[in-house]
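Kindly produce the complete structure, drawing on both the sequences and the hints.
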Amino acid sequence: MSTAPSSLAALLLREEGLRLTVYDDATGQPLLPGSTLRGHPTIGIGRCLDRRGITTAEALGLLENDLAEVRTAVAAALPWAAELTDNRRMVLEAMAFQLGLAGLLGFKGTLAALRRGDHEAAAAGMLASLWARQTPARAQRMAMMMRAG
Numbered sequence: 001m002s003t004a005p006s007s008l009a010a011l012l013l014r015e016e017g018l019r020l021t022v023y024d025d026a027t028g029q030p031l032l033p034g035s036t037l038r039g040h041p042t043i044g045i046g047r048c049l050d051r052r053g054i055t056t057a058e059a060l061g062l063l064e065n066d067l068a069e070v071r072t073a074v075a076a077a078l079p080w081a082a083e084l085t086d087n088r089r090m091v092l093e094a095m096a097f098q099l100g101l102a103g104l105l106g107f108k109g110t111l112a113a114l115r116r117g118d119h120e121a122a123a124a125g126m127l128a129s130l131w132a133r134q135t136p137a138r139a140q141r142m143a144m145m146m147r148a149g
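For the sequence shown, the UniProt record's numbering assigns the number 149 to the last residue and increments by one with no breaks.
Please note that a few of the clues may not be correct.
20 Å max Cα-Cα, derived SDA-like pairs, lysine to any residue [unchecked claim]:
no.	residue 1	residue 2
1	K108	F97
2	K108	V70
3	K108	A132
4	K108	W131
5	K108	A94
Derived DEER-like restraints, expressed as beta-carbon distance ranges [to be verified]:
no.	residue 1	residue 2	range
6	K108	A57	33 to 41 Å
7	D66	Q140	22 to 30 Å
8	T135	H40	40 to 48 Å
9	R141	R52	30 to 38 Å
10	R52	G28	16 to 24 Å
11	R38	E69	28 to 36 Å
12	G39	L130	36 to 44 Å
13	P33	P79	32 to 40 Å
14	G100	S7	37 to 45 Å
15	K108	L62	28 to 36 Å
16	P33	G53	14 to 22 Å
17	A112	L11	52 to 60 Å
18	R38	R116	49 to 57 Å
Rather than coming from a laboratory, the hints here were simulated on the basis of the structure.
All residues carry an ideal CB built from backbone N, CA and C; glycine is no exception.
Structure below.
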């Protein structure tokens, strides 16, 4: 089987177009918070999300793409994190995934403690946050990983 787009794929790409953000298939308008949906939420080349969704393999592929971006962003913003254990660096990356890089960088005291090797203070800083109050079980698990290394 060829890896080149099939004639049908080429036809549908031309007819449907390629949309990389979710849109209303009835209006062609992007779906934004507060939008009124007339048709079906659709993405890509006519992928109707409310009827078909995505497969596990597609979700995992999207996740891998997202993780590559997160790892690159964390490495660029916190170059010293390369010296951390894999688990501690993974905690930072998981926080950046959930909160965004700006959210992670808001943990100034936690990051300062981590940079100087005070893992207990870093974990305590994580737990003394709005993030920990909003997602307590997750924050507890991340703090435990930070402590254990």
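Given pair status - A132, K108, alpha carbons within 20 Å: 15 Å, holds
Hinted pair, alpha-carbon criterion (20 Å max): K108, A94. Please report holds or violated. 17 Å, holds
Would the pair K108 and F97 pass a check requiring their Cα atoms to be no farther apart than 20 Å? Answer holds: K108 to F97 is near 17 Å, not above 20 Å.
Could one say that the CB atoms of R38 and R116 fall in the range 49 to 57 Å? 55 Å, holds
Hint check for L62 and K108 - Cβ pair distance inside 28 to 36 Å: With a Cβ separation near 31 Å, K108 and L62 satisfy 28 to 36 Å, so the hint holds.
State, for the Cβ atoms of P33 and P79, whether the hinted interval 32 to 40 Å holds or is violated. Between P33 and P79, where Cβ atoms are some 35 Å apart, the hint holds.
Regarding P33 and G53, is the given constraint of 14 to 22 Å on their beta-carbon distance met? For G53 against P33, whose Cβ atoms are near 20 Å apart, the range 14 to 22 Å holds.
Go ahead and decide if the range 40 to 48 Å is satisfied by the Cβ distance of T135 to H40. For T135 and H40 the Cβ distance comes to about 31 Å; the hint is violated.
Can you tell me whether the CB distance of K108 to A57 sits inside 33 to 41 Å? The hinted range 33 to 41 Å holds for K108 and A57, with Cβ atoms some 39 Å apart.
Taking only the CA atoms, is the gap from K108 to W131 under or equal to 20 Å? 14 Å, holds
Given a hint of 28 to 36 Å, does the C-beta separation of R38 and E69 actually sit inside it? At 32 Å between Cβs, range holds.
Whether the CB-CB distance between G100 and S7 falls inside 37 to 45 Å: 42 Å, holds
In terms of the numbered hints stated before, the structure departs from hint 8 and from no other.
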